[in-house]
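Engineer: Listed below, chain by chain, are the residues.
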Amino acid sequence: MADTSLATPVPVPRISRNGLLFALLGGLALWLPLVQFKANRIVAGEGLSLPGALPGGAGWGFVCLVILLLAAGLLYRLPLGWRLGLALIGLAAVILSLGLAAKGLTPEGNRVVRVAPASGFWMLLLAFGLMGTDALSRLHLSRKARWAVLCISLGLIWLCLASGLLNETSVMVEYRARADLFSRSLWQHLTLAFGSLAMALLIGLPLGIMVFLIPKLRRGVLGVLNVLQTIPSLALFGIMIPVFGWIALNVPGAAQIGVAGIGLFPALMALFFYSLLPVVSNTLVGLRTVDPAVHDAAFGLGLTQRQVLFQVQLPLALPVVLAAVRIVLVQNIGLAVIAGLIGGGGFGSFVFQGLNQTAMDLILLGALPTILLALVAGVALDLMVEAISPKKGNVT
Amino acid sequence: MIRIENLSKTYGDTTVVQPVSLTIEKGHIAALVGTSGSGKTTLLRMINRLVEPSSGKVWIGDEDAATIAPHLLRRRIGYAIQGHGLFPHRTLAQNIAMVPQLLGWKPRDISDRVDELLTLFQLDPARFRDRMPHQLSGGQQQRVGVARALAARPEVLLMDEPFGALDPVIRAKAQDDLRDIQRQLGTTLVIVTHDMEEAVTLGDRIAVMDKGVLLQYGPPTEILTHPATPFVEALIGKAERPFRLLSLSHIGDIAVPGEAEGPALPRDTSARDALAQCLWLGRDRLAVQGGGVVTLEALRTRAKGDGA
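Residue numbers (my numbering), protein chains in the order written: chain A, 1 to 396; chain B, 1 to 308.
Simulated from the structure, these hints should not be mistaken for laboratory data.
Treat the numbers as computed from the prediction; the structure is a model and nothing was measured.
Ideal Cβ placement from N, Cα and C applies to all residues, glycine included.
Take the hints with a grain of salt, since some may be wrong.
Listed next, the stretches of chain B that the computed footprint assigns to chain A, with coverage defined by at least 3 CB atoms under 8 Å from CB atoms of chain A [unchecked claim]: (1) 97–103; (2) 280–290.
Partial chain A-side listing against chain B, Cβ under 8 Å, derived [unchecked claim]: (3) Leu48; (4) Gly52; (5) Glu108; (6) Val294; (7) Leu301.
Some residues of chain B that are not near chain A, with every Cβ distance over 10 Å (derived) [claimed, not checked]: (8) Asn48; (9) Glu52; (10) Trp59; (11) Asp62; (12) Arg76; (13) Ile81; (14) Gly83; (15) His84; (16) Gly85; (17) Gly145; (18) Arg171.
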């Protein structure tokens with residue numbers, strides 16, 4: 001130990017470990033095909049890696065740019081702002097190369113040929129995406145700045161799509177063939193995710209408060225919800241289709257208010273059932289974590305049970321309840337895809353159609369916006385939870 | 001005035017408080033002392049009905065506490081506890097304003113009262129009104145806890161180990177301040193503590209409890225000089241007894257005519273501090289401000305509990 005500390009340090013340039021990971025990812029991606037060129041949307045295609053996918057020497061230009069960016073990311077002392085800049089340039093380059101490859105490879109006027117993003121594209125996107133989020137998280141931005149980052153990112157994505165840069169890529173070709181259906185699916189998807197969340201809050205919050213106030217009910221209620229949570233979604237549909245179908249047929253008025261064995265209603269109910277446990281248990285946990293001294297003082301000062309609940313316990317439990325909202329919303333945006341199975345609409349209908357037709361591009365048309373929605377909802381709700389959590393604000 | 005008549009509490013088969021009767025005069029401080037599990041906290045909590053008595057009565061002034069709705073009763077009685085129990089999501093002003101708000105005071109009056117109390121507890125209203133509890137030190141939080149309990153000018157204040165979480169230096173200061181404020185406001189105060197020192201410092205009367213039984217209730221001198229049972233004696237601590245007795249009297253009260261060298265001590269210096277001075281300076285008499293001396297002989301007599 002003593003020896004090493006006394007020895008004169010040999011000046012070895014230090015390498016950023018994260019940068020090394022991103023460089024390895026990106027380097028590997030350059031060997032993989034950037035795009036798949038397919039004669040039509042169903043057949044297996046031929047993979048083309050970055051230099052070959054672009055017309056003329058442009059491909060090599062992009063390869064050099066990517067290598068340069070990844071190498072710069074290795075520098076240990078690179079400021080975080082620069083690192084973020086590198087990542088943004090990298091992302092722009094990768095997306096541009098995809099757009100240019102699609103344009104170059106599609107013969108003029110040909111509507112059958114498909115150019116789909118392939119593994120190399122996704123890995124480059126991942127490498128630069130990670131580089132960017134790594135820099136962002138280490139910048140320790142204020143809440144306001146992070147809201148701004150979220151909005152700017154969405155704006156950039158919109159710009160990419162609206163500019164027509166990616167118009168010749170396979171996913172966008174699929175989109176243009178279904179533009180109407182897409183906006184309807186988006187609407188249905190949001191209805192499913194937010195509708196089930198609203199129902200879960202409407203029922204789950206009072207239920208959580210009730211099991212908090214009446215400890216005897218806890219075991220039973222949480223037990224039932226736990227079992228509900230473990231039923232696989234397909235099995236749940238299997239149970240619901242005959243039950244709701246029967247109700248719709250035999251209970252007067254049920255069909256009028258939307259009860260049905262298939263379609264939006266059972267999908268909404270399934271998501272609602274899955275949401276109940278997180279909402280109820282987080283409400284209970286939030287209420288139980290209120291400091292006993294605060295609880296005791298509130299009663300001692302002469303607040304009634306109702307006043308203690310609404311003025312002290314619920315406000316203090318709010319961050320934990322909002323954490324449940326975050327879990328449920330992100331979970332439901334993802335789970336809502338299964339609604340496609342029973343005619344419930346949403347992005348799931350693209351995914352399952354794509355699976356049936358072995359049309360990968362159609363699956364992506366359903367999957368990519370779902371992922372984006374979940375990401376945005378997760379980040380936005382994290383920011384909200386943070387805003388109302390106590391002891392974080394440095395007001396002095 | 002608080003009068004407790006045959007008050008007891010039973011949970012199933014276990015009796016946590018055997019029937020207790022005692023009276024606390026208006027404007028006095030009663031200290032309930034005992035080890036943990038002695039029933040002292042339960043006794044305190046029966047006064048504002050946070051615990052419903054199994055039998056017996058509590059009279060607040062000439063009103064039977066059982067005839068008042070619990071939440072209304074508690075709004076008339078101040079309540080401060082260990083760990084202060086401040087609402088972490090409310091500012092100091094909102095914390096202090098809690099009971100006046102429940103009582104429907106006018107906003108102007110509430111705001112004036114908050115400033116008055118913050119000033120009384122040496123917290124500058126302009127700086128502290130809008131702070132959150134977690135931004136304060138432990139001692140400041142504790143003071144706000146007491147200020148909140150006093151907000152609606154209750155005649156009675158109940159405190160459960162209010163200084164339990166404070167370090168010794170801040171604690172002594174907090175006790176002095178509490179005593180001053182209590183004298184100033186004339187509040188009747190019941191304080192629960194496990195610390196005999198604190199009970200002797202604060203209490204006009206001390207109630208010693210053990211295993212749910214009230215063993216002795218009387219002025220500190222009586223408890224110290226004539227402990228009723230071996231348990232009370234053990235709680236006092238034989239080694240500490242003379243010093244506790246000394247801490248109860250001021251040198252102004254035991255001064256005799258005479259002359260002594262050295263600077264004169266204020267008349268409200270405790271006999272305990274005077275003894276320490278004698279020992280430290282190696283003298284057998286000290287000058288007292290306003291004339292006279294306090295002698296080592298007089299201090300010795302006091303320490304044996306004589307002439308109280």
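Engineer: Report the numbers of all earlier hints that the structure fails to satisfy, in ascending order.
Structural biologist: Hints 2, 3, 4, 5, 8, 12, 13, 14, 15, 16 and 17 contradicted; others consistent.
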